[in-house]
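K.L.:
Quick note, the sequences are listed as chains L and V, same order.
Residue 23 is where the first sequence starts when you use my numbering, and the numbers rise one by one after that.
Residue 23 is where the second sequence starts when you use my numbering, and the numbers rise one by one after that.
Rather than coming from a laboratory, the hints here were simulated on the basis of the structure.
Certain hints may be false.
Any copy, or any two copies together, can satisfy a pair, since identical chains are not distinguished.
Stated by the list, open to error - As a list, the in silico BS3-like pairs of lysine-lysine whose alpha-carbon atoms are at most 27 Å apart:
{"id": "1", "residue 1": "Lys40", "residue 2": "Lys86"}
{"id": "2", "residue 1": "Lys83", "residue 2": "Lys40"}
{"id": "3", "residue 1": "Lys72", "residue 2": "Lys82"}
Protein chains: 2
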Amino acid sequence: MAEPMYRVIAMELLDEIKTGTLEPGGQLPTELELRTRHQASRNTIRDAVKWLTNRGLVEKKPGKGTFVVERIDPYVTTLSSGTQASLSGVEDEGWAAEVEGRGRTATTSAPRVEVLEAPPRIASRLRVPEGSEVVTRRQERYIDRTPWSLQTTAYPMEYVRRGAADLLRAQPVPGGTISYLRRTLGLEQVGHRDRILLRAPREEEARFLRLPDDNRVWVVSVIRTCYAAGDDGPVPLRVTFTVLPADRNQFVIDSGQVPEDIPGPAID
Amino acid sequence: MAEPMYRVIAMELLDEIKTGTLEPGGQLPTELELRTRHQASRNTIRDAVKWLTNRGLVEKKPGKGTFVVERIDPYVTTLSSGTQASLSGVEDEGWAAEVEGRGRTATTSAPRVEVLEAPPRIASRLRVPEGSEVVTRRQERYIDRTPWSLQTTAYPMEYVRRGAADLLRAQPVPGGTISYLRRTLGLEQVGHRDRILLRAPREEEARFLRLPDDNRVWVVSVIRTCYAAGDDGPVPLRVTFTVLPADRNQFVIDSGQVPEDIPGPAID
DNA sequence: GCAAATTTGTTCGTATGTATT
DNA sequence: CAATACATACGAACAAATTTG
Chain L
23 MAEPMYRVIA
33 MELLDEIKTG
43 TLEPGGQLPT
53 ELELRTRHQA
63 SRNTIRDAVK
73 WLTNRGLVEK
83 KPGKGTFVVE
93 RIDPYVTTLS
103 SGTQASLSGV
113 EDEGWAAEVE
123 GRGRTATTSA
133 PRVEVLEAPP
143 RIASRLRVPE
153 GSEVVTRRQE
163 RYIDRTPWSL
173 QTTAYPMEYV
183 RRGAADLLRA
193 QPVPGGTISY
203 LRRTLGLEQV
213 GHRDRILLRA
223 PREEEARFLR
233 LPDDNRVWVV
243 SVIRTCYAAG
253 DDGPVPLRVT
263 FTVLPADRNQ
273 FVIDSGQVPE
283 DIPGPAID
Chain V
23 MAEPMYRVIA
33 MELLDEIKTG
43 TLEPGGQLPT
53 ELELRTRHQA
63 SRNTIRDAVK
73 WLTNRGLVEK
83 KPGKGTFVVE
93 RIDPYVTTLS
103 SGTQASLSGV
113 EDEGWAAEVE
123 GRGRTATTSA
133 PRVEVLEAPP
143 RIASRLRVPE
153 GSEVVTRRQE
163 RYIDRTPWSL
173 QTTAYPMEYV
183 RRGAADLLRA
193 QPVPGGTISY
203 LRRTLGLEQV
213 GHRDRILLRA
223 PREEEARFLR
233 LPDDNRVWVV
243 SVIRTCYAAG
253 DDGPVPLRVT
263 FTVLPADRNQ
273 FVIDSGQVPE
283 DIPGPAID
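Based on the provided sequences and hints, a complete structural model is requested.
P.N.:
The following block contains the structure:
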């Protein structure tokens, strides 16, 4: 009796899920059925199902039953750029085009514009004093009608004072912000640095992305700092924070000469 | 009575963890103590602590107690390359150097060499027939003595027949495999494509990486396909699978002109 | 090295509340 | 409103891991 009963039951259900006896979206036997089938108390059955729930294999719906989770078709974002630095995957200008190019539907909310005193994570990346004013533009993005990512881009408030007034308008900047900043301020983007990190979603993120309220599904946080040419090397131009659910996103980074096909989702 | 009791208790403990009243590594009150403190049954207390456990905030050690988890100093891997394609972060030649350059200690196990019939995930990437022979070289990597990543690289068996015999030796290839393949077979690497995907760890991976046996901590799977120049565009040279725990790894990708500092761990 | 004490792990039983159909 | 199914809560007992005397 090395293996506790709840685990034996969990393993049996796991096996049925893996082999496809229980299909994705299908309903598990109810707690009562499992109880009679395994001659166990209801609490033991609940422990077994809990084991599966904690691993994200099944979902419980109060009043309905327990169901095998359905996998979402992953979306692939291109982070590399090669020649066309301005068109790569996470930025507003290129995002919708890339999504539609993959035969999926992209929707973006109108940007929510805020002026705030730069918190450390923005100030340090833009190399402006902490507490100095910055403009943030925040968008909610959908792919195929499902909430997909949250993106916030921050610019020094100085840009607005110098003439880039459209940064404050709660509308997409026509032609994209990159070319807008070039036209109005002569700022030319020459490179960018992406950071990828993984963490549990914040409350607000979990709500928009409809993630389960335990923190089982993490998010990928992509922080892109864009640089313009400066006298003393590249200087920060803007910084973009993108948050995507880890369970339905993949990333591709090309370097040097690679095949030209558009990479689809991979399995490993 | 909107909030169930076990959640109230969980929130109170969560607060103590967040504010630092309970320090990382510190012990929580025992179930008995919490029971008397909150006038609740032991099962209710256990539900509360379970809530924290499921979120990865505390760890239970049978016979000892419950403890606040300690965060691991994240390691930053560079995936971009710019000019020095052969030196970037996930490949054997550059890995140890990059780790030591960050002031940490890198250790690598001797490669475990296998000859096997190519499974689909390798065959399709190397563009060899499924079931044809390939050589895989697998290494376990440590940073600061803790298990950090598992890496497997696959080459077509044809390379060995054409003279790259050292691929079969269970030892590091002196000077690195890239230059070895160039010297022996004239194969020149001209680019690579990285894919980043996230998934639950396999049993074997969880064991080596010492991940909790629930699948709370996911792994980042980095699949790098390296290409050589061919008559009809780039042709696959080798493919490398790297698996790293998602809770202690970050990635940096540079593109174009960016500052030259070595990026440390970021917080978001 | 063994025994006792402490602490978490598993399992049963029972009762009542809440959400959905 | 009733039936179904999951959620929360109580109490009790024994098992297993760890530390301490």
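K.L.:
Which holds for Lys40 with Lys86 at a C-alpha limit of 27 Å: within a copy, between copies, both or neither?
P.N.:
within (23 Å within a copy, 35 Å between copies)
K.L.:
State whether the alpha carbon distance between Lys83 and Lys40 is at most 27 Å within one copy, between copies, both, or neither.
P.N.:
Only inside one copy: Lys83 and Lys40 sit 21 Å apart there, 30 Å across copies, limit 27 Å.
K.L.:
Can you tell me if Lys72 and Lys82 fall within 27 Å by alpha carbon in one copy, between copies, both or neither?
P.N.:
The answer is both: 9 Å in one copy and 17 Å across copies each meet 27 Å.
Consistency with the previously given hints is maintained throughout, with no hint failing.
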